[in-house]
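Undergrad: Sequence:
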Amino acid sequence: MIEATLKFSIPSQHDGSLLECRIYHPLNEGRSSAGRCCAAIVAHPYAPLGGSMDDAVVQLIASACLADGLIVGIFNFRGAGRSQGRTSWQGKAEMEDYQSFIAFVLYYLHHLRRLSTEDRLLSTSQYLSSRGSLNDLSETNSLSPQLEPSSFQSLLLLAGYSYGALITMALPSSLELILAPFESPEPDSVFSEIRRCAETLALRSRKNGHQSSSTQNRPPSAATRGPDLLETRETPIAISRIDHNIRVAYILISPLHGIVRDFLTLWTLRNWSFSSPTSPTDLKLQTNPTLAIYGDSDIFVGIKQLRRWAVPLAEVEIAQGGNQFRHVEVAGASHFWHDEHHSHILGEEHYKVQEYQLVSAGLEIFIPFSTSEMLALRRHHLADTITKQDLDYATILAPRNF
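Going by full-length UniProt numbering, the residue at position 380 of the sequence shown is 380; the numbering climbs one at a time, nothing skipped.
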């Protein structure tokens, strides 16, 4: 994986514990019209068992997102890596860690897009000025709607592996609920600090020219390491409301289930074994593009339990937009995806659902595979488990207009 564009820490809204974070920008952001309006966050496995953002599966998914032109954010939950605090028993603190980073990423994207718009408007005014015909910029704006951030629909891909998938599922069902405490925060609150950090780093990222590949290969400087929290406290927070025109999608890799899951999340989620797929958690996965991928040789979760959860969830009819939950069972794959063959399948499944998510958001990206090549890969690697429905779905998700 390439060198991180930014390395920094933010306080958790749960208790102020500092969380170790990284942001990655694609080496060539110009290859995709998604650009600054698309991002992915990948959550890591259980910290006491060695989980961190440096986990191989987390890095695999993050690298795939970068290759598709998305800005990628990863972070360490409390108790992992250099993050402060320790792992909680019930997962509530980790959920608020995740929400803190989601808010940071959304405000970071918001300010990148705002700065990009200002740069383009400035370039336009300079061009018109050089021609001696500087007109009202409002006229320029009306002729250039692509300069307005609100004209984009952003995509936020929330992914999680193992324990990270469990926390991803436990997140509130809408971004409005996550962002609510950040809208009008108290000046000295952690919510203000996160917003200031996002704006400061967006300014630095823009100033340092993160779009240049030469910049990516340099050792991280003080700027790329991120602002000190004392510095952000001295920076007045901008009065800026974030755009809520954001499409959310989910990828759940080896989601935990049964005893382990119930033990870790007694505070919020019910037992899957005795549920009907009508809870807010389930509806969130059914009404947003979602892929759950798991192996039938998972040592932590019985395959029968996973099937009892995933199959009914995918079969429920949704009136508006249809059921968008998809699940893939990979023959022979374990919880850890150590086998190179199964890791490749994992990457292919991620690629498939991500293309669908981008198309659903009205975005176009460069994809290096043709439809026939992608289907051939799936037929080769999933010959024992693929169904006609899978192939039909893959056709729908296939790359377009490349």
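Don't read these hints as lab results, they were simulated from the structure. Each hint should be verified, as a subset may be incorrect.
[To be verified] Straight-line distance between alpha carbons at most 25 angstroms, and here's what the computed DMTMM-like set of lysine to aspartate or glutamate pairs gives:
id, residue 1, residue 2
1, Lys-284, Glu-186
2, Lys-284, Glu-329
3, Lys-284, Glu-315
4, Lys-207, Glu-186
5, Lys-92, Glu-3
6, Lys-304, Asp-282
[Said to hold, decoys possible] Derived CB-CB ranges, DEER-like:
id, residue 1, residue 2, range
7, Gly-321, Glu-176, 33 to 41 angstroms
8, Leu-177, Glu-315, 23 to 31 angstroms
9, Pro-172, Gly-332, 30 to 38 angstroms
10, Lys-304, Ile-2, 34 to 42 angstroms
11, Gly-302, Trp-89, 40 to 48 angstroms
12, Gly-81, Ala-319, 41 to 49 angstroms
13, Ser-184, Ser-297, 46 to 54 angstroms
14, Lys-92, Leu-283, 49 to 57 angstroms
15, Glu-186, Met-1, 23 to 31 angstroms
Just so you know, even glycine gets a beta-carbon here, dropped at the ideal spot from N, CA and C.
Undergrad: All the hints need checking, so say for each whether the structure fits it.
TA: Now the hints, each set against the structure:
1. Lys-284 x Glu-186: Violated: Lys-284 and Glu-186 sit about 30 angstroms apart, past 25 angstroms.
2. Lys-284 x Glu-329: holds (21 angstroms)
3. Lys-284 x Glu-315: holds (15 angstroms)
4. Lys-207 x Glu-186: violated (28 angstroms)
5. Lys-92 x Glu-3: It is violated: about 31 angstroms lies between the C-alpha atoms, which goes past 25 angstroms.
6. Lys-304 x Asp-282: holds (19 angstroms)
7. Gly-321 x Glu-176: 33 to 41 angstroms: violated (18 angstroms)
8. Leu-177 x Glu-315: 23 to 31 angstroms: For Glu-315 against Leu-177, whose Cβ atoms are near 27 angstroms apart, the range 23 to 31 angstroms holds.
9. Pro-172 x Gly-332: 30 to 38 angstroms: holds (36 angstroms)
10. Lys-304 x Ile-2: 34 to 42 angstroms: holds (41 angstroms)
11. Gly-302 x Trp-89: 40 to 48 angstroms: violated (23 angstroms)
12. Gly-81 x Ala-319: 41 to 49 angstroms: holds (44 angstroms)
13. Ser-184 x Ser-297: 46 to 54 angstroms: holds (50 angstroms)
14. Lys-92 x Leu-283: 49 to 57 angstroms: The hinted range 49 to 57 angstroms is violated for Lys-92 and Leu-283, with Cβ atoms some 21 angstroms apart.
15. Glu-186 x Met-1: 23 to 31 angstroms: For Glu-186 and Met-1 the Cβ distance comes to about 37 angstroms; the hint is violated.
Hints 1, 4, 5, 7, 11, 14, 15 from the earlier list are contradicted by this structure; the remaining hints agree with it.
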